[in-house]
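In order, the protein sequences belong to chains A and B. Numbering-wise, the first sequence is residues 37 to 177 according to my numbering. Numbering-wise, the second sequence is residues 288 to 504 according to my numbering.
Just so you know, the hints here were simulated from the structure itself, not pulled from any lab data. Remember, predicted model here, so these are calculated numbers, not experimental data. Heads up, some of the hints might be wrong.
[Unchecked claim] To give an idea of the interface, some chain B residues facing chain A are shown, with a C-beta separation under 7 Å as derived from the structure:
| no. | residue |
| --- | --- |
| 1 | F305 |
| 2 | A309 |
| 3 | V311 |
| 4 | Y312 |
[Said to hold, decoys possible] Facing chain B, according to a computed beta carbon distance under 10 Å, are these residues of chain A, among others:
| no. | residue |
| --- | --- |
| 5 | W44 |
| 6 | L46 |
| 7 | L62 |
| 8 | P91 |
Cβ coordinates follow ideal geometry from the N, Cα and C atoms, glycine included.
The chain contents come next:
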Amino acid sequence: MNNDNAAWGLIFGAWLIAAVSTLGALFFGEVMQLPTCVLCWYQRIFMFPLVLILPIGLFPLDRNVVRYALPLAVLGWPFAVFHVLLIAGVIPEDIRPCAQGVPCSEKVIEWFGFVTIPLLAVVAFSAIIALLVLAHFRSPR
Amino acid sequence: MNHKTLFGIVAAGLLLAFAVGALVYKSKRADQSAQLAERNRAHLVRMHSPTLGKDDAPVVIVEFLDPACGTCREFYPLVKAMMAANPDRIRLVLRYAPFHDGSDKVVAALAAARKQGKLWPALEALLASQDAWSPNHRPQIALALKHLEGLGLNLEQLRTDMAAPEIAGMIAQDLEDAQALDVTKTPEFFVNGKPLPTFGYEPLKKLVDDALAATRR
Numbered sequence: 037m038n039n040d041n042a043a044w045g046l047i048f049g050a051w052l053i054a055a056v057s058t059l060g061a062l063f064f065g066e067v068m069q070l071p072t073c074v075l076c077w078y079q080r081i082f083m084f085p086l087v088l089i090l091p092i093g094l095f096p097l098d099r100n101v102v103r104y105a106l107p108l109a110v111l112g113w114p115f116a117v118f119h120v121l122l123i124a125g126v127i128p129e130d131i132r133p134c135a136q137g138v139p140c141s142e143k144v145i146e147w148f149g150f151v152t153i154p155l156l157a158v159v160a161f162s163a164i165i166a167l168l169v170l171a172h173f174r175s176p177r
Numbered sequence: 288m289n290h291k292t293l294f295g296i297v298a299a300g301l302l303l304a305f306a307v308g309a310l311v312y313k314s315k316r317a318d319q320s321a322q323l324a325e326r327n328r329a330h331l332v333r334m335h336s337p338t339l340g341k342d343d344a345p346v347v348i349v350e351f352l353d354p355a356c357g358t359c360r361e362f363y364p365l366v367k368a369m370m371a372a373n374p375d376r377i378r379l380v381l382r383y384a385p386f387h388d389g390s391d392k393v394v395a396a397l398a399a400a401r402k403q404g405k406l407w408p409a410l411e412a413l414l415a416s417q418d419a420w421s422p423n424h425r426p427q428i429a430l431a432l433k434h435l436e437g438l439g440l441n442l443e444q445l446r447t448d449m450a451a452p453e454i455a456g457m458i459a460q461d462l463e464d465a466q467a468l469d470v471t472k473t474p475e476f477f478v479n480g481k482p483l484p485t486f487g488y489e490p491l492k493k494l495v496d497d498a499l500a501a502t503r504r
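Input sequences plus hints: build the corresponding full structure.
Written as structure tokens, this is what we have:
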């Protein structure tokens, strides 16, 4: 039972991060009307479904939800990392997969001199992966 | 606390934070754009800007327009209807914001048509045939010129005039002014120097009606 409670808390935490990230992305895009580049869309594709999938595993608690949610988070993570590297200039211009119009290498937000939107995405995907993996190992089986 | 209650409270809290944040941001943004327009009044109207309506009309609508923009096409008759409903009281100032790739050439054609005194018929012809010369939102000047036939324009002259450096300068100036006024989408309207608080026909109508009412006092 204790393990169940811990697992519930971990999955809930993962959902909370996904929900804040989703609302944050919608706030940047729809309220502040910041341009959404191609890479941002791929990260959204892997983040938004988590907001729906994770609660389905919370009520009632179904640990299998980790198996369904983890692939999304694991696939979203490299997109976010790629985006950060692109902004940092580590990845050269000519291999960037962006359509013209909104270049992905443009920084639309920079807080405290280093926090960019893709960096937030890397942190969110990493935290979700960590919480889900932990929840998996709290499994009684 | 029960898990369901906890989840419900957190979900509701997140949505509420989003809604409040959006409202606060929008009202702050509206204030900022009003101040920006106030500070950059000189950027609103230029000597070269085409105008429609009486010169001393009390209400001046400045419209930043892209001939390839679908919403501009939708708004054009609406603005004309407002002007027709208030004869001699509204003046339209046309500014170009050719944000579509290739739209600047179409604007050059309009400016060249103006030299032959046929700007407004040319603009109306191009807006009406927009889908035909701008397939998939990619303006193509060669196609656009075809839709200017039949207006009595000297098209050969028009082609020569299009390349004139003063037309390129005019477009560059309009784009620079659009940037100074934070015009990033078209159409964008300023009514007696005031920007729309939010985009839409109703806000525009209200701003114009308020301006008309203010001049009657």
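Which earlier hints can't be squared with this structure?
-> Violated hints: 3 and 6; rest satisfied.
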